[in-house]
Amino acid sequence: MIPEIGHFALILALLLALVQSVLPLIGAQTGNARFLAVARPAAQAQFLFVVLAYACLVTAFLQNDFSVRNVALNSFSQLPAVYRFTASWGSHEGSMLLWALILAFWTMAVSVLSRRLPEDMVARVIGIMGLISVGFIAFLLFTSNPFDRLLPAPPDGRDLNPLLQDPGMVLHPPMLYMGYVGFSVTFAFAIAALLSGKLDAAWARWSRPWTTVAWTFLTMGIALGSWWAYIELGWGGWWFWDPTENASFMPWLAGTALIHSLAVTEKRGVFKSWTVLLAITAFSLSLLGTFLVRSGVLSSVHAFATDPARGAFILGFLALVIGGSLLLYALRAPTMLGSARFAAYSRESLLLANNVVLVSALGSVLLGTLYPLFLDALGMGKISVGAPYFNAVFVPLMVPVLFLMAVGPLTRWKGASLPDIVVRLRLAFAVAVVAAVAVPLAAGEFKPWVALGVGLAVWIVYGVALGFTDRLKHGSNLLALPRGFWGMQLAHLSMAFGIVGIALVSGYESQRNVKMAVGDTAQLAGYTFTFKGTEAYEGPNFHAARGHLVVKSASGSEFTLRPEKRLYNAGGMPMTEAGINYGVLRDIYVAMGEEIEPQVWTISLFYKPFIDWLWFAAALMALGGALAASDRRYRIALKDKATA
Amino acid sequence: MKPRHKKLLAIGVVVAVLGIVVMLVLNAFRSNLVFFFSPTEVAEGKAPKDRAFRIGGLIEMGSIQRSGDGMTLIFKVTDTAHSIPVTYQGVVPDLFKEGKGAVAEGRIGTDGRFTATTVLAKHDENYMPPEAASAIEQAQKAKATLKE
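Chains as they are written, first to last, in the numbering used here: chain A, 975 to 1618; chain B, 9 to 156.
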């Protein structure tokens, strides 16, 4: 009964989404106030019904209703309750419903938080988001119904893929989708501005907090995914340039460029049409990411099902959204050219440089991700583009971005003096060069990429510090500084932490694969690992061999690691759970391979210096985003209207 | 500077940056594309001798052996028509098993032995690497046409 209620709620949500899109868009074009007024209630009602549908799906999972195909394929009676809950988005159908739910949530948020905006603008934004809702809910109902029954019901489910039974996977998909779908708000604002012809500073100001919030969620989603890969895949890697990772990274790059160009458009009224194009790009790449990951085009854990009808639907939808918005852009943008005056050396020109390089980097990732698919589709052979390509292209491109990161915030709008900034940053440059030479030498081996990374990190930290002292000189205290300023500086500072982590872990990590019998010892990076054997233990839905390794550092401190080799009951799938000792300066990471003779195992030992700086950097970056989005001027905008 | 000159300068800078990017990309692309060959193609000598490539198929039943140190694996990858011996040093993925699909990346030696630097297997029980699947499909098709 409950699945049928969910199905019915989804049908009603589709109808409401149709109302939410058609009437307000017509109303905005014709000036019909009654049609405009439909936008908010329709969006809120649509949200309620999608929530109801999602609640029904979750109920089916929690109650182990294996007569629902989706539950039977992705859950298991012994699965712990928290994973039964997350299994609701562990499948293709469930994750699409989550997409629709989050889209409805964002639309509802717009409808509540947009009281200061002109009515026709709100109606257009909600209408456009409604059109996207129509596409996704129709996709669910016609090709990927999560409520399909399976009769007769199997006695038990096939279990959630064990790779997804991990704390990192609890939050990764919702965070990622909050980011992906959040860009639909910016997209809708851009399309609404194109439709109305009002592409002004107010439009940029409305778009900014939404973009920043979406970007913040996307940052957290990507970081959680990377952390998951690190602890769950058992190779100690944290980024593989895998197409599914690239699928989430491309919207992030576009979103980062968009945040910067929106700042210019709001403050100086330039780059307008470029900003609109980036808004369209960011959301298009979010859709493309969904398409790549969910349609089975890519071979990975994410590709749940290969169904040509789904692929055709998403491809058609993608073509409609991207093609339609670009066509509108081509028709409307030339009529709205603003003044494009700014000095050759100014904050505007530096932000332009930021955008050019970020978009180039985005293009190179796009090429490396899509080229193998095109070749394959054209029957011209199977190739893969590996990590070396991305590293060779992406890393050098990031160097100018990071270099300018220290310079940009210290440079004035409209025009600044190049000699002034050179004088101001002279000392920073010297300190950075000294650190770049000293740190790798202190670490024991000089590596040019480590030197470059450390130098850039110090350079950025110095720039951030100068930014704060500038503000403090003008008499304000730290806490009185606007949150937008704090947000920007923290996000920039987080890049310094991130680069240090990336440079040092890439430069100085070490690994050994060893065969160990009980009592054997192995050395790695000054640590002595002693294998004490394994013990059998029973998990809720798996049984495992749990290893016991005692690790002794050079200074004599000792700790124990307990890596596991699990065998899941439902599918008989083996899984490696790494044993990790976290530390500010290094992680010690151990993964068990195979038992080649009784109590003799192949074991991988990893020494990962500074890797936790990466996760810290991501958290700091997200904090920066949250601060920037909650800046006083956006909150005042809300409060004014509430009291008025 | 006149505005027109500024504009030209800006465009020049952008074009220069893009030029560098394109150069970087093409350079990296040329040297980092990894092509895929099926065991049959490798047996026919179609695979390059001087650069890394991927092979894929099923791991032949009974072919996995471990050398003395326990860390070197020797196994055969087959597309049911031909099989190629592979040497790999390291830890294999959880789902690396005889009779299951796998993809190996590495170089072929003069003795016809493939030395893998990476071995990829499936992510879950029901999934086969598409490259491995297509290699087997091709071999089956070739066999079928031979029989006719």
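Do not take every clue at face value.
Said to hold, decoys possible - Some chain B residues near chain A, calculated using beta-carbon distances under 10 Å:
1) L17
2) L26
3) F37
4) L41
5) F45
6) R62
7) M69
8) I82
9) T95
10) V100
11) V111
Claimed, not checked - Facing chain A, according to a computed beta carbon distance under 8 Å, are these residues of chain B, among others:
12) A36
13) G70
14) I72
15) D77
16) M79
17) G98
By construction, these hints were calculated from the structure, which means they are not laboratory data.
Every residue, glycine too, gets a C-beta built ideally from N, C-alpha and C.
Taking the hints in turn, this is what the structure says about them:
no. : hint : in the structure
1   : L17  : holds, 6 Å
2   : L26  : holds, 7 Å
3   : F37  : holds, 6 Å
4   : L41  : holds, 5 Å
5   : F45  : holds, 9 Å
6   : R62  : holds, 7 Å
7   : M69  : violated, 18 Å
8   : I82  : violated, 14 Å
9   : T95  : violated, 14 Å
10  : V100 : holds, 7 Å
11  : V111 : holds, 9 Å
12  : A36  : holds, 4 Å
13  : G70  : violated, 16 Å
14  : I72  : violated, 10 Å
15  : D77  : holds, 6 Å
16  : M79  : holds, 5 Å
17  : G98  : holds, 5 Å
Checked against the numbered hints listed earlier, the structure breaks hints 7, 8, 9, 13, 14; every other hint is satisfied.
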